[in-house]
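The lines below spell out each chain.
Protein chains: 2
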Amino acid sequence: MSGVEDIKSFLEPESIAIIGVPRQVGTGSNVLENLLWYGYKGQLFPVNPRAQEILGIKCYPLVRALPGVVDLAIIQTGSKIVPAVVQDCVDRGIKAIIIQTDGFAELSSEGKGLQEQILSIARSGGARILGPNTFGVINTFRNLATPFAQFNLKKSAVSAISQSGIFSTGYLYEIPLGKVIDLGNACDIGFCEALEYLAQDDDTKIILLHIEGIKNARYFGEVAAKTSREKPIIAIQGGKSQPGAKLMGSHSGSLGGRQEIIEAALHQYGIIQTEDLEEMKDMTRALLALPPMAGNGLAIMTYTMGGAVMFLDACQQYGLTLAQLSDETTRKIKTLLPRLEALANPVDLMPFFQVDSTTANEAYKKLLYGLLSDKSVNALVLISASFSPIMEVLVPIITQVRRDFPQKPMVSWIWGPGQENLGNIGQFNYMSANSAARALNVLRSVNQNKLFRM
Amino acid sequence: MSGVEDIKSFLEPESIAIIGVPRQVGTGSNVLENLLWYGYKGQLFPVNPRAQEILGIKCYPLVRALPGVVDLAIIQTGSKIVPAVVQDCVDRGIKAIIIQTDGFAELSSEGKGLQEQILSIARSGGARILGPNTFGVINTFRNLATPFAQFNLKKSAVSAISQSGIFSTGYLYEIPLGKVIDLGNACDIGFCEALEYLAQDDDTKIILLHIEGIKNARYFGEVAAKTSREKPIIAIQGGKSQPGAKLMGSHSGSLGGRQEIIEAALHQYGIIQTEDLEEMKDMTRALLALPPMAGNGLAIMTYTMGGAVMFLDACQQYGLTLAQLSDETTRKIKTLLPRLEALANPVDLMPFFQVDSTTANEAYKKLLYGLLSDKSVNALVLISASFSPIMEVLVPIITQVRRDFPQKPMVSWIWGPGQENLGNIGQFNYMSANSAARALNVLRSVNQNKLFRM
Chain A
1 MSGVEDIKSF LEPESIAIIG VPRQVGTGSN VLENLLWYGY KGQLFPVNPR
51 AQEILGIKCY PLVRALPGVV DLAIIQTGSK IVPAVVQDCV DRGIKAIIIQ
101 TDGFAELSSE GKGLQEQILS IARSGGARIL GPNTFGVINT FRNLATPFAQ
151 FNLKKSAVSA ISQSGIFSTG YLYEIPLGKV IDLGNACDIG FCEALEYLAQ
201 DDDTKIILLH IEGIKNARYF GEVAAKTSRE KPIIAIQGGK SQPGAKLMGS
251 HSGSLGGRQE IIEAALHQYG IIQTEDLEEM KDMTRALLAL PPMAGNGLAI
301 MTYTMGGAVM FLDACQQYGL TLAQLSDETT RKIKTLLPRL EALANPVDLM
351 PFFQVDSTTA NEAYKKLLYG LLSDKSVNAL VLISASFSPI MEVLVPIITQ
401 VRRDFPQKPM VSWIWGPGQE NLGNIGQFNY MSANSAARAL NVLRSVNQNK
451 LFRM
Chain B
455 MSGVEDIKSF LEPESIAIIG VPRQVGTGSN VLENLLWYGY KGQLFPVNPR
505 AQEILGIKCY PLVRALPGVV DLAIIQTGSK IVPAVVQDCV DRGIKAIIIQ
555 TDGFAELSSE GKGLQEQILS IARSGGARIL GPNTFGVINT FRNLATPFAQ
605 FNLKKSAVSA ISQSGIFSTG YLYEIPLGKV IDLGNACDIG FCEALEYLAQ
655 DDDTKIILLH IEGIKNARYF GEVAAKTSRE KPIIAIQGGK SQPGAKLMGS
705 HSGSLGGRQE IIEAALHQYG IIQTEDLEEM KDMTRALLAL PPMAGNGLAI
755 MTYTMGGAVM FLDACQQYGL TLAQLSDETT RKIKTLLPRL EALANPVDLM
805 PFFQVDSTTA NEAYKKLLYG LLSDKSVNAL VLISASFSPI MEVLVPIITQ
855 VRRDFPQKPM VSWIWGPGQE NLGNIGQFNY MSANSAARAL NVLRSVNQNK
905 LFRM
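Residue numbers (our numbering), protein chains in the order written: chain A, 1 to 454; chain B, 455 to 908.
Excised from the complex, chain A in its bound form:
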């Protein structure tokens, strides 16, 4: 498990040297300043020959002048001197090096040469390189984030490995990420080691991948297949189109050539694939908040039959269907309110508006228990616009009843203002029929394929 140990130095360092850190602070883009702001607990060694100290932290003129043990070096110097700096790090015994500098293989053939030189220096000294052209790592459990931009770090069970920093940093705004490894040009550390680390990491429950190309396809396949049995892996692949692939450039040693083959391989490894970041967000939110779905049967409660129609339309491609309620359930539910005579599945909730709130309260509760107790119901769906009676009456009841059925997922499609008043429902609320349906789909898929245990 040397890959895991290697990555630990990047994500869990006790001491960090930042080489080429600028004196300018207050711009939000000084990594030293950011680490202090995050409250990083380890030792920090800024290296800058033109400064005595930055923000009260003693500066060192050269790598070789650094005292004590340095677990991780972050290089921010100009690209031309990076090989010399890497050599200094190797000589100093530093085993983990993040190279944030760009202008390497992604820029020119000259840059490609520099990159090869760096790698060879690192290899000869037994050091590992993350990058170049990477923002580095984020580990919110250690108050550690090396990107230039400042983020609000939040512990999260979702971790990511990306090939484009913007993916992870952008994604941070959408879904909190607990740990991030940005591979950048991936001259040394790639998906295999990073995935191995996240596989054994107890903080990580869900893994997101932004893939442009994968080296060591066989090693990756082994790690991915093993990992996906324990933790869901969702991947978005850049360069699936011919123009996208052309822009991306050829990744030597990547997983394969033809898209169909790559997709089939990822599928075989148990990796959930998506082509859209919004869909990835929907899926991730579902996996975070809800249990797997054990069958295809849906019970729908709706204030709008037009909405239920659209929802069923959206479900068809996933094979999710209306549950055939048992006679007992149907009988139980039909006694709830006088107006419910037309009720089946979907349940029309409009009659609940037309009785006093005490009666409605009791009826909602019995309805939820009835539907969730039915063997044929594998998931519950609530459809509505966000009218206040729903917020005030239904939300607390749902929150209460769900506790008794932890094994059955529930999603809602409640649109409109007041999303902040949805309380616990907000976790599994979606803004369109399609996004709610695909959230259920991922919960169904992970169970069906028995890809992992939650």
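The reader is advised that the hints may include incorrect statements.
To be verified - In silico DSS-like pairs for lysine-lysine, Cα to Cα no more than 25 Å straight-line:
id : chain 1 : residue 1 : chain 2 : residue 2
1  : A       : 246       : B       : 788
2  : A       : 8         : A       : 154
3  : A       : 334       : B       : 534
4  : A       : 80        : B       : 534
These are computed hints drawn from the structure, not numbers from a lab.
Mind docking chain B on chain A? Use the hints.
Chain B only, in chain A's frame:
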């Protein structure tokens, strides 16, 4: 054009009778109270035999007791007495009747009988019915909205015709709608008349349809084909799946049976189709803010090549491609910054970060002018996370330069916090590569098919 005149009574009434209006106020669901709150300027005649006045407005015990001319009646009584009330309205000479009451054809065969009875009474008296089971109409240009829920009305060039009230009321939160006609059970007034009205309505520039079934397919086809040449029509169809259609119930006299045929017909009429409300929102926003796209050529400016790759992937299905810049443009742009030597299209914006802001400002401006002046560029795309330098520097420049190229659309995919600081860019900013790409697609489609003039 009698259809148009008929609809005018619903959307532009000078006087409204509300029959069965409850005495209870303060709940947000009293239509009389809502109309006062909106500032509706016409006369209001509440009809309620158990009240002298409601909110200071004199009540009438019976329809026949109403004074003067009544343009529109809104019926909110129990379903069983609706036929008698409609008869009263007809006798009183009221020509436009909204029946909000539910419990008709959508509920039971008994309800279906009631509905037929109502229609026959109205027909015999030369009155038109909207509904039953409808929330009625919204005309923000007249401070008029008849749904039970209270909305913040806002004038808008987007109007909608729906068969499910929740579509329009839900949609109001997402995209302001200027005029809405909710057809409900559509026993009388249907898409044809409603569309004819919106076609000639100067306030309406874009028309959204939520379709479950269409009567008088031929008449509808004529109106739609004529209208779509002038104003874009975007439709979402409920019941496209077999389970969805089953739930929707059979709509007698609807446009046809097989989905492919309906879709082909809608396409032939020049109607843009979507299967997703989020997509409809993206399309509508694009049509509101941007000109049509004259060709397939994109110029991309990006702070992330990984993002540009994903964007090109998303564009492929729409046939949108990277513009082949002229040699002159390429030469012009390459002189902007020393680091730009690798530049082509997409333009890597990272080097703009690495120069002082005055230099960057000038270079951004020249870059934008260069790209937009190039004949091969039909649309400009900006990709980034919402880092503050973009907001502060780039947004004002874009706003300024766009004014000189009103005929070329621009979309951005800028994600992350601070969306509220995007200023004018916010209008055409999208949160994922896919949504930005499909926004461009609709701008391209409307131009390509010459379906309408903006």
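Which numbered hints does this structure break? As far as the earlier hints go, only 4 is violated by this structure.
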